[in-house]
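Engineer: If you want the building blocks of each chain, they are given just below.
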Amino acid sequence: MSGYLFSRFLQTFVTLFVMSVLVFGGLHMVGNPVDVLLSPTATPAERLEVIRSFGLDRPVWEQYWIFLGNALKGELGNSFVFNQPALDLILQRMPATLELAVTALLMALVIGIPLGIHAGLRPNSVLSKSIMTFSILGFSLPTFWIGLVMIMVFAVQLGWLPSSGRGETTEVFGVPLSVFTRDGLAHLALPAFNLALFKISLVIRITRAGVLETMQLDFVRFARAKGMPERRIVSVHVLKNTLIPLITVIGLELGSLIAFAVVTETIFAWPGMGKLIIDAIAVLDRPVILAYLMITVVMFSVINLVVDILYSVVDPRVRLEGK
Amino acid sequence: MTLPTESASSIHAPAAKPGKRRSVSPFAQAFGKLLRDPLALTGIVVLSAFVLLAIFAPLLAPQNPYDLSQLDIMDGRLKPGSESMTGTVYLLGTDDQGRDLFSAILFGLRTSILVGLVSAAIALLIGASIGLLSAYAGGRTDAFLMRIVDIQLSFPAILIALIFLAVLGQGVDKIIFALVVTQWAYYARTIRGSALVERKRAYVDAARSMALPDRRVLFRHILPNCLPPLIVVATMRVAYAIMLEATLSFLGIGLPVTEPSLGLLVSNGFEYLLSGDYWISFFPGLALLILIVAINLIGDSLRDILNPRREG
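Keeping their order, the protein sequence lines are chains B and R. Per our numbering, the first sequence starts with residue 1, numbered consecutively. Per our numbering, the second sequence starts with residue 1001, numbered consecutively.
Heads up, some of the hints might be wrong.
Listed next, the stretches of chain R that the computed footprint assigns to chain B, with coverage defined by at least 3 CB atoms under 8 Å from CB atoms of chain B [claimed, not checked]:
id, segment
1, 1148-1157
2, 1166-1175
3, 1240-1252
It should be emphasised that the hints constitute simulated quantities derived from the structure, not laboratory data. Note that the coordinates shown come from a computational prediction; the quantities given were computed from them, not determined experimentally. A virtual CB, placed ideally from N, CA and C, is assigned to each residue, including glycine.
Sequences and hints are given; from them, build the entire structure.
Structural biologist: Printed below as a string of C-alpha cells:
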C-alpha cells in the first residue's frame, strides 16, 4: 500500500512538472501580456518599468526557474490583473465551484440511479425505452445552450428563479455557502441542474448496464430459488454490485464537473474558479492560468487516488499494487 | 467486443475474390441492421440532410454571413420571418449585426462538421497506431504508453482543450489540434483492448506460422478485426468533438469572431436573451443539438449491433 501511494505521488509530481513546463513555455510563446495590460498611450519608459516589475525581461528558463522555486514554497506568483497572489484568488473562488459541482453530482445520482434501475429491471417496457431515449438527448444537449434556454424559460418568461450570482450565503467554518439559505438555494437550482443534466444520462446508463449484468448472475437465481422477495434482491444484492462501477464514475465525474463548471459559471455568472480562468485566458494573466493548472492537477490526482482506494475497499477482488 | 468468427474470416481471407462468392461483408450486414432500427434511421436521414446543407451552404444560403459588406446593420436583431430593407425574408431572424441567422447556421454547420470529422480522423490515426503498437509490443512499451493514456484520461477533455487553446490562441487549425490532443487517448485505449484479445486468436498464430511479416499481421489481420469497437467509439467521439468545439467557441476561446461558428452565435445572442430576443441564441443551438442527437442515435444503435454481448 505504501509503495502504491509512493508511486502515485511520484506520478503526480511528474505530471505537474511536465504540464508546468509545457504551459509555461507555451504561454511564453504566445502574445506578450504587457500588450494586453498596458494602455496604448503608455510611454516606452512605463512599458519597460512594467516589464521589469513582472520579471519578463529575463530569459524564459530563468523565469521558469524562479517560478519553480517559488512554487515549491507554495507561492505561484501575483496575478497581473488583480495584483494579488494567484493562489489566493483561486482558493477564494474554489468553494463556490465545489458547491456547484457537488450539488450537481448529488442531483445526477438522485435522479439517475432510480431511473437506471428501472430501465435495467424492465428493459423492454415503454417507460424504460423513453428513459433511454431521454438519456441520448441528455448526452447531446450542449450544456451552454440548455443553460441559456433554462434562463429564458425559468428566469425571463416565468420569473421563478434568479438567473445569476450566488444569492445570500452563510459562513460554514469560514467558507461561504449558498445551500443553507432559501435565496442561495434558489440561485443554486438552475446552474446545478444545468451542470447535472449530462451526468444524469451517464448515471442512468451505467446503472442500467450494471443492473442488467448483475441480474443474470447465479446468485440472483439462487436468491430467488430460496424465496427471497424480489424487492430485497434488487435493493440489497443487485444494488451493491451496481455500486462498484458507479463509484469509479462518481470520482471521475466529480473532476469533470469541476472542469465543466467553467461553462455553467460563465452562463449563470456564478463566481467560481471557472469564471476566473476564462477571464484570465482572455487577458493572458499567466500566473493565474498556471496556478489554476497546478491546483486542478493536484485536485484531480487526489480525487483519482481516493477513487482507487475506495474501489479496492468496495470490491475486494481489486488489489492495489505499487508498480 | 468482436464480431462472430465467420464474419471475421471473410474480412481478411485473401482467397475470397470479390464478386465470385456472394458473402455479405460484416460492415454491409451492420449497415443493413442499422437501417432497420427506426431511431438510427432517423439519425442517418437527419445527419445526411445536415451534411448536404453544410456542403452546399454557399449555394443555399441567401447571404454570405462572413462577408461584412453584405450585412446591413439596419437589419440587426430582426425577428424570425421579418423582411429586410431590400425585401428578402430572414427565415430565422438576424443577429445584432444584421447577419441572416439561417445563412449563419448553414455556414456554422460546415465548420462544426469539418472540425469534428478532421479532428476525429487525425486522433483516430494517431490513437489507433499507438494502441496497436502498444498491444503488439507489450511489456515496457505497453506499460509506458498506457500510463500516459491513463494520466491523460484522468483529466477532463475540456480542461486539456482549455489549457491548449490558452497557449495556442484562436483558429480552426488550433482548435483541431486541441481536439486531437484531447481525443487520441480514447482511440488508443479502445484499439489496444481489442488488439490484445485478437492477438491470442488462432488466425493470428496461423498468419505468423506462414512467416508473414509483423507489419502484415498487424495491419491486414489484427487491425480489421479491431475495427467494430473503434467505429462505435469514433461515432460518439465525433459528436463529442463537435460539442466541445461549440462549447469552446461559446467561451470565446475557440474560433475567431469573424467566422462565427454555432457556439459563437449562441454566445453572441446571450446578451440579448434577457431582453427577450431569444432567436439569436436559440436557433444555432437547436441546429447543434439536432446534429449531435442524430450522430448519437446512430452511434448508440451501432454499439448494440456491433457488440453482441449487450442485450436489451
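Engineer: Work down the list of hints and note, for each, if the structure agrees.
Structural biologist: To see whether the hints hold, each was checked on the structure:
Counting residues of the segment 1148-1157 of chain R whose beta carbon lies closer than 8 Å to any beta carbon of chain B gives 4, which reaches the threshold of three, so the coverage claim holds. Under a criterion of three residues with beta carbons nearer than 8 Å to beta carbons of chain B, the stated coverage of the segment 1166-1175 of chain R is upheld, 4 such residues being counted. Requiring three or more residues with a Cβ within less than 8 Å of a Cβ of chain B, the coverage given for the segment 1240-1252 of chain R holds, as 6 such residues are present.
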